[in-house]
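Asks: Now for the letters of each chain:
6 protein chains.
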Amino acid sequence: MSGTIYVINPNSTVAVTDGIDRACAPLRLAGGPKIECLTLAEGPPGIQTQHDVDGVVAPLLRVVGELEPKAAAFVIACFSDPGLHSARETTRKPVLGIMESGILTALTLGQRFGVIAILQGSIPRHLRMINGMGLASRLAGERAVGLPVVELADEAKTAHRMTEVGRALAADGANAIVMGCAGMAQYRERVEQAAGVPVVEPTQAAVFMAIGRVQLGW
Amino acid sequence: MSGTIYVINPNSTVAVTDGIDRACAPLRLAGGPKIECLTLAEGPPGIQTQHDVDGVVAPLLRVVGELEPKAAAFVIACFSDPGLHSARETTRKPVLGIMESGILTALTLGQRFGVIAILQGSIPRHLRMINGMGLASRLAGERAVGLPVVELADEAKTAHRMTEVGRALAADGANAIVMGCAGMAQYRERVEQAAGVPVVEPTQAAVFMAIGRVQLGW
Amino acid sequence: MSGTIYVINPNSTVAVTDGIDRACAPLRLAGGPKIECLTLAEGPPGIQTQHDVDGVVAPLLRVVGELEPKAAAFVIACFSDPGLHSARETTRKPVLGIMESGILTALTLGQRFGVIAILQGSIPRHLRMINGMGLASRLAGERAVGLPVVELADEAKTAHRMTEVGRALAADGANAIVMGCAGMAQYRERVEQAAGVPVVEPTQAAVFMAIGRVQLGW
Amino acid sequence: MSGTIYVINPNSTVAVTDGIDRACAPLRLAGGPKIECLTLAEGPPGIQTQHDVDGVVAPLLRVVGELEPKAAAFVIACFSDPGLHSARETTRKPVLGIMESGILTALTLGQRFGVIAILQGSIPRHLRMINGMGLASRLAGERAVGLPVVELADEAKTAHRMTEVGRALAADGANAIVMGCAGMAQYRERVEQAAGVPVVEPTQAAVFMAIGRVQLGW
Amino acid sequence: MSGTIYVINPNSTVAVTDGIDRACAPLRLAGGPKIECLTLAEGPPGIQTQHDVDGVVAPLLRVVGELEPKAAAFVIACFSDPGLHSARETTRKPVLGIMESGILTALTLGQRFGVIAILQGSIPRHLRMINGMGLASRLAGERAVGLPVVELADEAKTAHRMTEVGRALAADGANAIVMGCAGMAQYRERVEQAAGVPVVEPTQAAVFMAIGRVQLGW
Amino acid sequence: MSGTIYVINPNSTVAVTDGIDRACAPLRLAGGPKIECLTLAEGPPGIQTQHDVDGVVAPLLRVVGELEPKAAAFVIACFSDPGLHSARETTRKPVLGIMESGILTALTLGQRFGVIAILQGSIPRHLRMINGMGLASRLAGERAVGLPVVELADEAKTAHRMTEVGRALAADGANAIVMGCAGMAQYRERVEQAAGVPVVEPTQAAVFMAIGRVQLGW
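Chains as they are written, first to last, in my numbering: chain A, 2 to 219; chain B, 2 to 219; chain C, 2 to 219; chain D, 2 to 219; chain E, 2 to 219; chain F, 2 to 219.
Next up, chain A with everything else stripped away, as it sits in the complex (with noise of 0.2 Å):
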């Protein structure tokens, strides 16, 4: 029970990390587990495709490998889950991942779930990976923010795009919403009240699934 919890920004920018390790404050509890947010040196500056995904579970196993004994568990935080069940393999500790944590929370929010992309070409392997946990007939739809990276970095375009992914969403029938990527729980707010249904921050979902696992040993 002793032990830290480490979530892996998968990807190279220090600045996601940063907003996932602000994300994680209202978690950090007195008498429960130390979260520890990290940065994965050797991840691309983001994760857009499935060759991205694939190419930093080596060097997250091999963190993941380092930490092990100080570890009370993992997060992996980047919404395609890379290298999630290679981790389980590798350790007997627990590991979550944003996007499985995120959407399993958003079913306990509402019937059909809806998810906000960062990029219109991930929502195939998103898709995939919503049919591969059997969960196809959960799903409002998924649709994409669809911005330039560059145009991410500006705070309100962002927040003007995401709110409204998050009200066609619901238009779509989604009685609760994921957020599709890490880093960005600063908005999280606006596109519930702009959507008017939850919104689910799938990192901090993440994190407090495994405080749970910590505090009872599972």
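Hints should not be assumed to be uniformly reliable.
[Stated by the list, open to error] Over the 12 Å line for every Cβ pair with chain C, so calculated as not near, a few chain B residues:
hint, residue
1, P27
2, E152
3, K158
[Claimed, not checked] Here are the simulated DSBU-like pairs of lysine-lysine, each with C-alpha atoms no more than 35 Å apart in a straight line:
hint, chain 1, residue 1, chain 2, residue 2
4, A, K35, A, K94
5, B, K71, A, K35
6, A, K35, B, K158
7, C, K35, D, K158
8, F, K158, E, K94
9, C, K158, D, K94
10, C, K71, D, K35
11, E, K35, F, K71
Don't read these hints as lab results, they were simulated from the structure. Built from N, CA and C at the ideal position, the CB exists for glycine as well.
With chain A's structure known, arrange chains B, C, D, E and F on it following the hints.
Replies: Just chains B, C, D, E and F now, with coordinates in the frame of chain A:
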């Protein structure tokens, strides 16, 4: 973020509530929400039929209404999730059901899950709910302990049957098992040992999901 | 084979029961079972939420219990099928729900069915039940009339919205449509004309399934 | 509302038609439609293969066309529903198939249904159709009687195998059973007794669905 | 391994067979099986209804039977796969249907597939078959060209509508498209260009699956 | 249309590549593409875990990149389809995986398919992928040979276990079987004989799908 998580046992058997209370111990964190376990006085001694399930909804909602001002969240601690969707309409505080939370947690532990029911007659009701969750393709099977209520008090006998059922579910292809009942956390580890796959105690799963939701203010 | 088919309207609005009663006329056959339509006095004026659904189960089961000796079968005439599975445990006489019977009948009329809900807020509840029936792959869509209750009394306005929704469902790919409400048989033909696909009035569907079961003694 | 329900046995074995005719007796109501059972002279003695199924469509449609002016509805009394969708294009009168109607009726009697096939070789064909109905998640299993045709004439032997298969399906988790054949209504009760779950005779199920449709003019 | 692959066009329009024949050219390999395209003289000019589908089975099986001694494999070149399962019972040589082969091929080209139907009225029939294949969760949508038969002869008009439909399917989320017809290979590239996703010509897909089976002797 | 189909064995065991190479013989057609089988030197001796699967992606993509200019298509010859979706992003030439191609081919041979895994531990990984393909309703079951690696070299022992497993899958209801491994084509016919249903060797299935794609220039 202040307030108490109320874990409501909708049957009137205090011994079950006591078991639930002990199971919450590792989830009571210094900096986290208070967790209080209650017995629904108006409930039947055990919830065995759809009639029982439907019958506890009204008193349960009454209790939810009364506790609402002091509540941070609610957990309904019966594996048929009585009144879950009604309660979600009654309060804007998080409401978690142990069936839903237990099964969703199992999905992070293995590709196919099995369920240990207490009674054979509960299986069709559970399957209806599992279908309603859209999870038929993740289910390996459900099997019943099938002991008469009086014999459930006999710990050795119950442990024996539970481990037998756990082993049978693993042979059916279950990679994770959910205990389909509340208040039986004491058997979790023995079933896990016997079956050789992770076993989810569903009340604990629901409580940790509630803690996360409370901390995040969702 | 003697005995009466009791069609129970679980809301307390007698005008709805009257509409149901008129819809039963063509199913009252010489030599067939008697059909009697009742209003559940304890019900709310309309069933709009899961809370309403759960709330009518107890008085409904009481009525079922009282009528049991004289009953040939029961029809629960509310599109959320309140207490359906409870009632089936309470009596060995056939119990049919209008949602289940209406949707199953629609499956004989087209590959994909649409549902006309009265209220937007009922759609997630219906989808949960349609998933529970395992029928997600047969659903073309569900859309709401969305009129406030007072305007539902205005027949012209209601007919106009119902036919609009019917047409929209046909455009969604519905090859058959189920009216997601009881007591609105008078609109059936107009929707069918407008949408150009068969339209099922679900109470009639449930009553004829009940007649068959009564005649056969199943 | 005038006119006759024609129940067409697409095999040429008159003894089967006679069994169907006897099974219709309780559904012949004073004020209801006339029910007439016919044998398709051009059919094979039994329908055992997809080839047989496809082969009877042309003569069946010819009979449907000839009877159309006098018909209120048609029932195709073979468990592979030969020509069902073709016949629905040929006439605007209701056309019910016994597989479709029998299975839909079973869905009102239990969460999971089982099917008793006569021949092992028919099972893949039936499963293809059950998938086509979108009902794979409601199926508990299908098992074959597996007696050679000559032995099916031996009532004791057939009853024995049917009850054995019914019991096996209940053990597979079937909460309701559909007899996967026409003209064997005489075994229904014995299978129900043996299996301990409701058993649907599919021709009767289709005929009562037809009566309802005729009375309502859909 | 000797013998001919017979590609049977079950409609009587020789121009369609000619289009199929041209499409087979790249699959006629020096060392591979001979490929011969035939017109079913008894077929209707086009297969537009389930009635048409069922109606060609008997003459088709007759042709299959006659060619059997010289055949290496059969391809049924109509997008409703008429007689596919019957033909598989009739001969032990491989029998491929263009709908089945075309859709399975599309599954290797994208997560979700779309279908271009010629007629609106064929869509429910195709969906019934796609459900029967268990593939509802992979389908993005099906849309019809919807031109009257005489206008299909106008290549410019047909190309225009086909590319419009292809674009619409891509917007529906299709990552690959199947042409829901035989004999229109000449439009494949234009649709692919317009839609920006791979497009499968289903007869070619079926023929190459047949070649493989012939070479391997399965 | 010129160029070579590269069949890459992602494990480093040359004997497996040799078996694959022999299995390609009947698919090397005069006039067809050249087929060359390669061993991935960096791969582990066998691919047994998700870790192994993820680990070979990087070297595999490197090989794909190097061969790209000379390649007509690629086949990834490991039943977990490592790097399949990554490789499809890396090259515009066709990339086929043997799991995907083998299972899709089995769907043309029977309503339900079974899979023969080498190791018990691979079954959850395969099921995750089969769910991802949307094919859970077509799966009859998967069973493992379960021999330790050293015993797999003993042909008699392996043949014995494979035929046993094949028979068990047929009893589970499989109408077609896929061999869940590469390089074991020599056992195909024996399993087919024993099980009495068609057996797919998945590398051969993928290679013939690749040939078709190459010839057509898709």
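Asks: Which numbered hints turn out to be false for this structure?
Replies: The structure breaks hints 6, 7; every other hint is satisfied.
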